[in-house]
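Could you put the whole structure together from the sequences, leaning on the hints where they help?
Sequence lines, in order, name chains F and Y.
Numbering-wise, the numbering used here puts 40 at position 40 of the first sequence, and it's gapless, one number per residue.
Numbering-wise, the numbering used here puts 167 at position 167 of the second sequence, and it's gapless, one number per residue.
Bear in mind the hints are in silico, worked out from the structure with no lab data behind them.
Do not rely on the hints blindly, as some may be mistaken.
[Unchecked claim] Residues from chain Y that keep clear of chain F, each with C-beta distances beyond 12 Å, as calculated:
(1) K3
(2) D30
(3) V37
(4) I123
(5) A175
(6) E187
(7) F191
(8) G202
(9) F268
(10) T275
(11) A288
(12) R315
[What the hints assert, rightly or not] Selected chain F positions facing chain Y (in silico; Cβ < 7 Å):
(13) P130
(14) P134
(15) V181
(16) I340
(17) Y341
[As the list claims (entries may be wrong)] To list a few chain F residues with every Cβ distance to chain Y over 12 Å, as calculated:
(18) L8
(19) E21
(20) K23
(21) E27
(22) T209
(23) R242
(24) D297
(25) L307
(26) E313
(27) E328
(28) E330
(29) A333
(30) E356
Since this is a predicted model, take the numbers as computed values, not measurements.
By construction, the Cβ of each residue, glycine as well, lies at the ideal position given by its N, Cα and C atoms.
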Amino acid sequence: MPRSMIELPYQIEYLSILDEEGKLDKELEPDLSEDLLLEMHRAMLLSRRLDERMLNLQRQGRIGTFAPVKGQEASQIGSAAALDESDWLVQSYRDQAAAVYRGQSIESFLLVYGGFFQGNQLPEGVHNLPVAVPVGTQTLHAAGLAYAIKYRGDESAVMVYFGDGATSEGDFHEAMNFAGVFQTPVVFVCQNNQYAISIPREHQTRSKTLAQKALAYGLPGMQVDGNDILAVYVAAQEAVERARSGEGATMIECLTYRLSLHTTADDPTRYRSEEEVEQWEKRDPIPRFQNYLQEKDLLTDQKIGDLEEEIEEQIQQAVDRAEEQMKELEAEALSMFDHIYAEMPPYLEEQRQALEEVLAEKEGA
Amino acid sequence: MPKMTMVEALNLALHQEMEKDDRVIVLGEDVAVDGGVYRVTEGLLEEFGEERVIDTPLAEASIIGASIGMAVYGLRPVCEVQFSGFSYFGMHQIESHAARMRWRSRGGYHVPMVLRTPYGAGIRALEHHSESREAYYAHTPGLKMVIPSGPRNARALLVSAIRDPDPVVFYEAKAVYRAFREEVPEEEETFPIGKAQVVREGDNLTIITYGAMLQPSLEAADTLDEEDGVQAEVIDLLSISPLDHETFVNSVNKTGRVVIVNEAPRSFGPAAEITARLVEKSFWYLEAPVQRVTGYDVIVPLFAYEDVYLPDAKRIVRAAREALSA
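As structure tokens, this is what we get:
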């Protein structure tokens with residue numbers, strides 16, 4: 001029999017719990033504590049206001065280029081909330097909502113985007129990797145980290161973020177393959193925000209979903225409404241559990257949308273219509289979740305108003321601290337020689353001394 | 001002391017380090033069941049099991065990228081890329097992450113990994129199996145680049161590389177793998193990374209070299225002694241980065257004449273950097289123009305002409321006579 005059909009799993013599960021009209025699927029509603037729900041809401045709102053503030057700072061020339069999160073808050077907070085402190089988050093350059101939620105400070109991001117590498121120092125005990133910029137490369141670090149966790153017999157999971165564009169990069173496929181072969185505890189979270197700068201999702205792949213890429217590597221893949229934080233949380237929770245219990249990796253595709261710019265150097269009107277953006281604004285994850293919490297009597301307009309004020313104050317304090325630190329750090333250019341190696345080799349010491357002399361001369365002049 | 005080939009000496013280093021430290025794991029293509037295509041990892045699977053000796057999928061970026069993740073978690077991965085000509089599949093991981101993780105995280109994370117890979121011509125191999133591209137790695141801040149020249153220093157340097165807190169690219173000369181045997185002590189031996197070694201003393205001329213080029217350089221030194229009555233000092237760099245210029249500057253300040261030998265293409269290669277440092281630090285001691293004997297700036301030819309491409313003792317003697325006649 002030269003020709004026959006090989007049976008393959010070909011269905012991709014799609015999950016939505018709270019739709020854009022605010023309609024809730026009661027049967028799928030997760031039983032989350034009041035504290036967690038409010039914490040996630042606060043983290044989303046904080047990220048949105050931080051975006052706005054950073055955009056202002058960038059336009060005023062007080063910080064440099066950065067990538068706003070706007071629109072993807074549910075994908076990030078919903079997934080990061082499924083992690084424990086001992087789990088790892090491997091991030092890319094648009095993931096500050098989750099990174100801050102996991103314990104990185106707001107001012108650390110302001111420092112980095114203000115041009116100071118000192119901001120990349122992580123607080124003790126925060127198991128995040130620093131931002132990886134080259135698209136998709138961080139997926140392999142997650143695969144290796146997870147291998148090491150498994151080798152050590154630890155029960156942590158690794159979550160790695162990447163976008164729709166990253167699924168065209170070889171590293172993404174290699175990482176999924178590695179995680180599949182060695183059954184390592186990774187949760188691959190694709191924030192499909194529909195664009196890789198100007199290239200729309202359908203120009204990245206002819207596949208109907210991105211989640212189905214997982215099937216080729218023998219991994220479960222699922223697609224969720226990435227603007228529905230309940231759906232993201234449920235999917236992430238299941239995947240993290242699977243990872244911790246030794247069942248291996250999962251890929252989650254969060255269907256979301258980048259409501260703002262690729263980075264502050266980008267003009268999206270060149271490649272997408274206002275109508276399209278308006279359509280997605282109706283699906284904004286924050287009002288949707290807010291309505292849900294109001295319906296549950298966990299939030300009132302008054303409480304939201306108070307929270308907005310509190311967040312504004314929190315951001316203002318972080319901006320003040322960051323600007324103060326930047327002023328102090330301006331004179332620390334010699335620190336560019338730090339942390340290149342554990343021990344500075346003699347030729348580097350020579351170069352450092354040469355710069356020190358140049359700087360001293362400048363000061364004297 | 002047992003006499004070993006470089007392959008056996010490297011194998012000894014891996015065995016002993018894995019025995020000592022359960023953070024050390026080995027990964028790569030064909031490294032476990034097959035023991036590596038050059039047999040450097042032979043017997044490790046049987047002794048340490050498949051969790052520590054990992055046959056990976058055929059994907060160099062995976063081997064290197066996953067090693068970075070493992071190192072961040074506290075392991076000491078020793079990964080193998082089967083031929084250095086295929087390491088470019090993972091070059092972005094080396095340049096963008098292995099070399100930068102310590103810097104990027106301000107010392108919070110570091111990447112104590114070793115990337116072992118065979119390099120160089122002289123074994124009648126296919127295209128992509130003969131190059132000498134150490135300059136790529138030596139040019140990258142945050143990396144260390146080590147090239148042993150024989151069994152004993154290969155073993156000592158591999159042990160040091162495994163214990164080093166920073167990422168080390170470890171080039172193994174295919175032409176030296178089984179070329180000769182040397183006594184290698186059973187007991188532990190290390191050699192500091194970033195230190196060169198004077199392997200032959202002399203007052204008339206300095207030959208600076210490393211890796212597979214050490215043997216023809218020593219041969220040339222013997223010829224110069226026999227035919228010209230010239231005593232050449234031969235320096236084996238061992239580490240390309242950090243480059244130990246102190247050792248060769250001291251020697252050139254004594255001899256005033258220098259030949260630099262590397263198998264890599266000439267332009268922007270290690271010999272160029274060595275020349276620059278000599279111009280900066282030994283200018284007033286130089287009695288003749290610096291001579292470079294290197295590979296040509298061409299693609300390494302297939303093996304019909306590879307012996308013509310490779311620097312040999314004859315070319316080194318010629319260059320030395322140039323330096324001596326000036």
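Hints violated by the structure (numbers, ascending):
No hint contradicted; all consistent.
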